[in-house]
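We have chain S already, so just place chain P on it with the hints.
Chains S and P, in that order, are what the protein sequence lines are.
First residue of the first sequence: 1, per the working numbering; consecutive thereafter.
First residue of the second sequence: 1, per the working numbering; consecutive thereafter.
Careful, some of the hints might be misleading.
As the list claims (entries may be wrong) - Heads up, incomplete: computed chain P residues facing chain S, CB under 8 Å, no partners named: (1) A43; (2) Y143; (3) G181.
Just so you know, these hints were derived from the structure itself, not from any lab.
Note that beta-carbon positions come from the ideal geometry of N, C-alpha and C, so glycine has one too.
Protein chains: 2
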Amino acid sequence: MRMRTCVSSMAAGSSMEWLKSVKGVILDMCGVLYDSGEGGGQAIHGSIEAVKRLMDSGLIVRFCTNETQNTREKFVQKLRAMGFDISVSHVFSPAPALVRILRERRLRPHLLVHDDLMPEFDDVDTSSPNCVVIGDAADKFSYQNLNEAFRVLIGLEKPLLFSLGQGRYYKETDGLKLDVGVFMKALEYACDVQAEVVGKPSADFFQTVLNDMSLQPHEVILQLCSGSGLWPSDEKHPSVRADGYVDDLAAATDAILTNH
Amino acid sequence: MRMRTCVSSMAAGSSMEWLKSVKGVILDMCGVLYDSGEGGGQAIHGSIEAVKRLMDSGLIVRFCTNETQNTREKFVQKLRAMGFDISVSHVFSPAPALVRILRERRLRPHLLVHDDLMPEFDDVDTSSPNCVVIGDAADKFSYQNLNEAFRVLIGLEKPLLFSLGQGRYYKETDGLKLDVGVFMKALEYACDVQAEVVGKPSADFFQTVLNDMSLQPHEVILQLCSGSGLWPSDEKHPSVRADGYVDDLAAATDAILTNH
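For reference, chain S alone in the conformation it holds in the complex (with noise of 0.2 Å):
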């Protein structure tokens, strides 16, 4: 897969003329639309507007998240009161995708994932759990809750761990938070396994906003905030990176209009 691929960063000012081509956009969400923070953060100024112009330009928008700490439809309730026009079917978050998989493949998890995050997983069996899935699970990240994961993982003939998402930390407003991948790593080293990962920067993850938009990966730009868990850290991955930067989604928006 070969998207075009914009980051939201200080170092703007690349040229744009390859955005010509564009049929389609994908938004990352935090850092991009909005600034995360305790109260649930604010928009970042300009993004509102520029959503706007995307969809109102005919351009095929959709958006991905990694927001696990939450169920999607409460996250995208979350976007609305903040101003911005976005429906629950647009917007691709770990969980529900996972639900698919665990569907797909006949898993039953056990769930170590934030408590706002559980009505994802109501219809899920859960009973005789043999995988574990974890997210952006926060203080309920304890060191009991982790050995219980670790347990139910090592039990297993052969041990199955999902994680939703892989990010290293993200920034609230009372400082710097450890982020999933980071209990990822841990378990990923107890077991000596390698985690599934649900998500950004997952290729099967963006394959399946690709198919929605029933565009080829060329066709579409995906625009994410530098601290999306793709840069600058995981330069290396395999199906994306970085084609231009800019300061904000207002002037990606700007350069994408210009051009189209």
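The following block gives chain P in isolation, referenced to the frame of chain S:
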């Protein structure tokens, strides 16, 4: 460094002719002398007598442990209460080794270690920390404490992380428990650093023991248990590999004293 090594495991029976040139023995403790458990564990059958026989034979005997849930003094008290005739000065554990390193390199640690280990750091300056130290903190590995250690680490100009051992997990009477290595991997990933491991299986750690014995590596047998963190998953350790396998310390002692 190349020490002769035997590992307590079920795969006993290898030839032990190379034992003739041995002048000293370094014994792992947990899994070789005693089995861990909730009440502090119990001596492994025959190991008390085996230690005595080794010492009486004129071999230089030292002990090494990655125990970091207790001070070395308390730990040795426990072993003595089980019946082992062991003195504190013959036991090498990570915390005193680290305190030496901190002093030599003028480092001030942020400590995430077990409460019962804290007395080892009584004389250590922990103001304005310029490194992070983790031990087997068990229940103290809460999200909040890990996050605090992470913030200190990521805030340093050059993040410096020490890990007292790198074990994956260990067994207690109530089941498997995650060990410090798991949280080392977590913080390594979060900050994109590689921890300095103090304790087994660090070559520096074993060198300190050899220095104390005034022996060369080839003159010493290292007796480790199969769950020591070196086998089976770390078979490629640069300085330690198994030369033989024995059922237990009593069998190893028989082999050593017969061939010596």
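Going down the list of hints, with the structure as the test:
The interface hint given for A43(P) is violated, since its Cβ lies 27 Å from the closest Cβ of chain S, which is over the 8 Å cut-off. Evaluation of the Y143(P) hint against chain S yields a held restraint, the C-beta minimum of about 4 Å falling below 8 Å. Checking G181(P) against chain S: minimum C-beta separation of about 6 Å stays under 8 Å; hint holds.
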